[in-house]
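Protein chains: 2
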Amino acid sequence: MAKKVLIIYAHQNSASFNAAAKNAAVEVLTAQGCSVEVSDLYAMNFKATATAEDIKGVKNAENFCYLEESRAAWEEGRLSEDITKEQAKITEADLIIFQFPMYWSGLPAVMKGWIDRVLTYGFAYTQEKRYSQGVFKDKKAMLSFTTRSLESMFSPTGIDGDMNVTLWPLQNGILHYCGFHVLAPQIFWAPASAADEDRKSMMEAWRTRLQGLLEEKTLSFLSLDCFDEKTFQLKPDVQEKQASKEFGLTAGIHLNKPLPPHNQMKAGC
Amino acid sequence: MAKKVLIIYAHQNSASFNAAAKNAAVEVLTAQGCSVEVSDLYAMNFKATATAEDIKGVKNAENFCYLEESRAAWEEGRLSEDITKEQAKITEADLIIFQFPMYWSGLPAVMKGWIDRVLTYGFAYTQEKRYSQGVFKDKKAMLSFTTRSLESMFSPTGIDGDMNVTLWPLQNGILHYCGFHVLAPQIFWAPASAADEDRKSMMEAWRTRLQGLLEEKTLSFLSLDCFDEKTFQLKPDVQEKQASKEFGLTAGIHLNKPLPPHNQMKAGC
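Protein chains in written order, with full-length UniProt numbering: chain G, 1 to 269; chain V, 1 to 269.
Hint data in this document are derived by calculation from the structure and do not stem from the laboratory.
Check the hints yourself; a few may be wrong.
Since the list gives no way to pick out one identical chain from another, each pair is judged satisfied if it fits inside one copy or across any two copies.
To be verified - Taking lysine-lysine and the DSSO-like style, the derived pairs with C-alpha atoms no more than 30 Å apart in a straight line are:
no., residue 1, residue 2
1, K59, K200
2, K59, K47
3, K235, K257
4, K4, K245
5, K200, K230
6, K235, K4
7, K89, K47
8, K47, K257
9, K89, K230
10, K129, K266
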């Protein structure tokens, strides 16, 4: 069956490198028979800030809790329409691609707002349905972004530090938290300061990658089974098994060992 | 001379734990003779999304680049008033406290938007003025936030992974990038699921800490001198000096060694 791809796209300029990367994804994936939908957050004037206006009929206005109010609103169909539309797109999608320029080592605010507002408690996760048992465990997701820094600068010996560390809260704390299997990020290193020819090569490499994207292996995270159900600590037998190994298990669950190199950058690491 | 403190505060509810933490900071620091200003982002309806509307007289509307346009606008006094007002507050401040609930392992979108829009290229950093040579190297900053997870879950053996990893892109990639000396974060672990008594203890501990806050030592980051000026790689002699050591230098610049424990959580680690 044809796969459905949702692209969450955040750039102000339709002539930008990010726009070109998004357009390439639409083109190549469509040519492969995928059905591709784009949420163009700036063009949609997508509301970034999580407020009481996101909920029809707030229950406790005097002691407002966004998490609880939005959870109840999701259950009862009282979320604002811009949120429910995005949620419907996620439900349909087999793969979500986030296309954006990295701002301050993270997502641009408008895209963070999409995360904060659309991934509602209940819809995107519950206390039980998280990580490998997450709501979206039958879906894939990936980050595709541009940087201002060169690749060497975002390394364990570079001025900006290891990119695997920077990616952990985004890929584990957001994507894998909801259950998504996470494809290796597509990182366009410093296209703004690159020569035209190098920018073209980057885009060609992306087009080539897109052709096999849906068959790629995903990044390694730990199964929820590895953790004690009550303490959420790694079970003793898992820790013992790793004790003689050189590296920790993931960039975040590293057991005070060296981080497994490329853990958040390459599949199977 | 009396110190000036700016609190960037993001919570929708003035009866929340975050509001109480902000109020405690205002009260204790004011009682110590500090002059304290608060930017209450939700109450201000602070614009989160970086758009062309932030710039008066956009120069290249057809190929809009936010970074370049906002840089030029800052130089020429053409940034929107909400941005310039916040920039004036930063210029005045000796210490900035960010008070917020952690959303998805990061800042709430409205606070990320404050970062994206207010910390303009030129005003907050340049190619030369970054990290230990950053524009704000005579100022301090800190994160003060609530979590939903317990402390044990955000550890090197816990389900959410090491909090030091999650903090790196925020504290190094934003605060230290602009030169701020970063105070240890104030983390309120899961107050929403804590007993009343424990919430009270957390708040008391914060009030006690606030009394000595301005004299605290700051977190350890590397001096810009440690890096080659052209490649932005750690200089060979710095690497050699660390070669026999057990740990890397920081959570991000870890040299493929175990991360220095508590590097982003405690001063001097």
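Structure-based check of each hint:
no., hint, result
1, K59 <-> K200, "between (53 Å within a copy, 26 Å between copies)"
2, K59 <-> K47, "both (22 Å within a copy, 26 Å between copies)"
3, K235 <-> K257, "both (17 Å within a copy, 24 Å between copies)"
4, K4 <-> K245, "neither (40 Å within a copy, 50 Å between copies)"
5, K200 <-> K230, "between (51 Å within a copy, 25 Å between copies)"
6, K235 <-> K4, "neither (37 Å within a copy, 48 Å between copies)"
7, K89 <-> K47, "both (17 Å within a copy, 26 Å between copies)"
8, K47 <-> K257, "neither (41 Å within a copy, 42 Å between copies)"
9, K89 <-> K230, "neither (34 Å within a copy, 45 Å between copies)"
10, K129 <-> K266, "within (25 Å within a copy, 33 Å between copies)"
Comparing the model with each numbered hint stated earlier shows that hints 4, 6, 8, 9 do not hold.
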